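As given, the protein sequences belong to chains X and B, one line each in that order. Per the numbering used here, residue 1 is the first one in the first sequence, and the count goes up by one each step. Per the numbering used here, residue 1 is the first one in the second sequence, and the count goes up by one each step.
Some hints here could point you the wrong way.
Straight-line alpha carbon distances no greater than 27 Å define the calculated DSS-like cross-link-like pairs of lysine-lysine that follow [as the list claims (entries may be wrong)]:
| hint | chain 1 | residue 1 | chain 2 | residue 2 |
| --- | --- | --- | --- | --- |
| 1 | B | K110 | B | K85 |
| 2 | X | K133 | B | K200 |
| 3 | X | K130 | B | K200 |
A few chain B residues that don't get close to chain X, going by computed Cβ distances all over 10 Å [claimed, not checked]:
| hint | residue |
| --- | --- |
| 4 | N102 |
| 5 | Q118 |
| 6 | N146 |
Note that these hints are calculated values from the structure, not bench results. Bear in mind that the values here come from a model prediction, so they are computed numbers and not experimental data. Ideal placement from N, C-alpha and C gives every residue a C-beta, glycine not left out.
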Amino acid sequence: MLDIEVEHLTKRFGDFTAVDSLNFFVEHGETFGLLGPNGAGKSTLIRMLTTLVPPTSGTARVYGYDIVRQANDVRQSIGVIPQAMTSDLDLSAEENMSIFAKLYGIPREKRLKTIRSLLAEVDLEKWADKPVKMFSGGMRRRLEIARGLVHEPKLFFLDEPTTGLDPVSRVAVWEMLSRLKNERDLTILVTTHYMDEADKLCDRIAIVDHGKLVALDSPLKLKASIPGKNVLEVSFSNAPGNWIETLQSLPDVVDVKAEENIYRISSHNGPRTTVALMEAARTAGATINSLSVQSTTLDDVFVHYTGHQLRDALQAATGANSPFLLKRGGL
Amino acid sequence: MHRVWAIIERDLRRFRRSPVLVIVSIIMPLVQLIVLGYAFGGKIKNLHLGVVDEDHGVPAIKIREMCQAVAVNAATFDTVAYADKTEVMRDLRDGKINGVLNIPPNFSRKVLAGINPQIALVEDNTDQFSASALEGAFNGLLVSYNTAPVPPRETNDVTLSVVEIYPYVPYIQFLLPGTITLSIFVSAMIGGGIIFIDDKARGLHEGYLVTPIRKFELILGFTLAGAAKAVIAGIVLITVGSLIAGIPDPLNPLRLARMLVMVVATSMALISMMFLIMVRVSDPLVPRAIFGMLNTVLYFPSGAVYPTESFPAWMKAIAVVDPFTYAVHGFKELVLKNTGLAAIQYDLLWLTVFTLLSLGLATALFKRTL
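Taking the hints into account, I'd like the entire structure generated from these sequences.
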């Protein structure tokens with residue numbers, strides 16, 4: 001069964017196209033990752049799928065329900081953790097859960113039992129009666145994950161669940177998600193800009209950039225799809241003029257990208273290329289300032305498909321110049 | 001309906017944690033009640049009246065003696081004797097005295113001859129209130145001056161005898177119905193539709209917009225929760241305000257029960273109105289910015305501080321639709337006259353119609369998406 005089917009889904013805010021004719025599907029039981037920098041359209045996409053933002057054109061079905069015409073059926077069958085922390089600071093953990101259980105129409109006798117067991121699953125049972133304003137960011141996130149499951153949905157949307165959390169809390173949240181997914185037979189659609197998370201946890205990853213889907217596959221296949229098993233990052237001083245051609249002619253080299261005097265060399269065989277590279281540098285009189293050899297990571301995949309580093313995109317796409325955020329703030 | 005209750009429960013639980021809202025929404029109206037009530041309500045006393053007697057005849061002395069009597073008893077003014085007109089007029093302009101009584105040189109002769117004797121009252125009419133108080137005092141004074149010591153048995157003069165059907169109502173009591181309405185309005189401002197705007201500003205609304213709650217359930221939930229808080233503020237103000245203003249028998253259970261009906265109707269009308277005004281607003285500064293303006297536009301034309309009969313046509317037009325008008329009228333009937341529900345049925349009717357219109361329109365305009 002396909003839990004999510006997306007066809008030519010598009011969202012424009014004025015002249016700005018936040019999501020540009022996306023097509024993909026998510027099978028039941030998958031953990032599906034949307035990877036991309038801020039402003040890539042991940043949140044807009046997830047908001048369309050969770051009925052918070054109406055699409056400009058195209059369609060999508062969630063659990064077989066049309067996201068526009070059957071919005072309330074969609075809402076009843078999904079759990080959503082929005083990017084912003086949405087738990088109520090003045091209420092206790094249990095009260096937060098209880099209000100949402102009522103919004104989903106969970107009968108009284110089932111409510112308390114479900115809430116107690118979910119709070120235990122996210123390790124917050126000792127904090128059930130404490131007001132959320134006493135919670136750390138990671139605890140709030142865990143509470144929101146429990147809250148999102150209060151009506152026992154099979155499909156779970158999480159928009160950057162670990163952004164803003166410290167590394168320990170991030171790991172805790174991910175472990176919790178994996179466990180919940182297995183215990184509850186969940187399908188998860190998650191957005192993130194942490195490559196390592198996506199790599200470890202997602203069955204398939206869609207790389208989104210400027211509203212477009214640039215690659216979609218399992219992390220393994222994505223890494224295998226780009227040239228070179230290893231990446232050498234080298235910086236030189238006194239490199240001769242035709243240095244990039246020399247590097248390209250080294251054994252097993254697939255591709256060379258240069259940025260000022262830093263070179264990124266993709267190779268089928270890292271060690272052999274490295275030995276040849278050092279020999280070539282000595283012959284040409286170039287000094288190696290730094291050298292590192294890495295296995296292909298999702299960062300390389302991202303760079304390959306989008307033509308830029310994720311960290312550059314993260315820096316460029318601050319809230320101020322994202323038309324979507326501008327529009328929201330100005331409403 | 002269970003979703004409506006969930007929204008109400010959430011709001012009231014939050015309110016229970018910080019009930020400061022009720023305190024804020026009764027403090028301002030109470031302060032206004034006390035300050036305005038005593039600022040405008042009291043009789044004007046201790047004005048200074050300059051007296052220039054250019055006549056010195058017996059009738060003039062009688063007038064001056066009567067002025068002395070006013071100064072000692074009612075104390076509306078005290079008298080300061082002046083020798084010449086130039087000095088007294090200068091003091092009047094400088095604000096040292098509030099008015100001048102001039103008894104002209106041939107006053108006594110005219111009185112005795114019966115040819116239109118006149119005395120002059122020169123007023124500082126930049127202060128209308130003091131001027132009318134002086135005028136009132138002198139009209140009374142001259143009536144008793146002119147009254148013959150032994151009145152004729154029959155007279156052709158038509159006289160007006162005034163019958164007051166209620167005990168004397170001090171201004172502070174006249175003000176109380178408006179103050180009750182104001183406390184409900186302040187609650188509506190800070191506890192009504194604004195809660196949703198604050199949720200929007202903090203992103204909390206995304207949490208419940210992804211649940212299957214419907215537009216109308218959300219609006220009804222917020223309105224009922226807001227109304228519950230406004231009712232609490234209204235009840236507190238009725239009790240405390242009645243005691244401060246000295247309403248007779250303030251805790252009469254039947255009156256309190258009728259007041260409760262009025263408080264509920266007023267709360268629903270004002271809260272749903274606020275939700276309608278704020279339904280498309282996202283910036284939490286907007287409601288705070290327009291609070292004063294709304295307060296002025298709704299409170300003053302309602303007849304809460306001055307009778308609507310004196311208003312120009314455009315202000316009367318506001319008063320006709322303004323829910324404040326009906327709330328204030330209803331509370332006036334109950335607080336000042338202790339009438340039954342029949343006297344306020346049209347107030348209740350309009351407040352209910354107004355509530356339904358606002359809720360309907362707010363639902364139509366509400367955007368369930370981001």
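Inset, instruction - Go through the numbered hints given earlier and state which of them the structure violates, listing their numbers in rising order. - result: none
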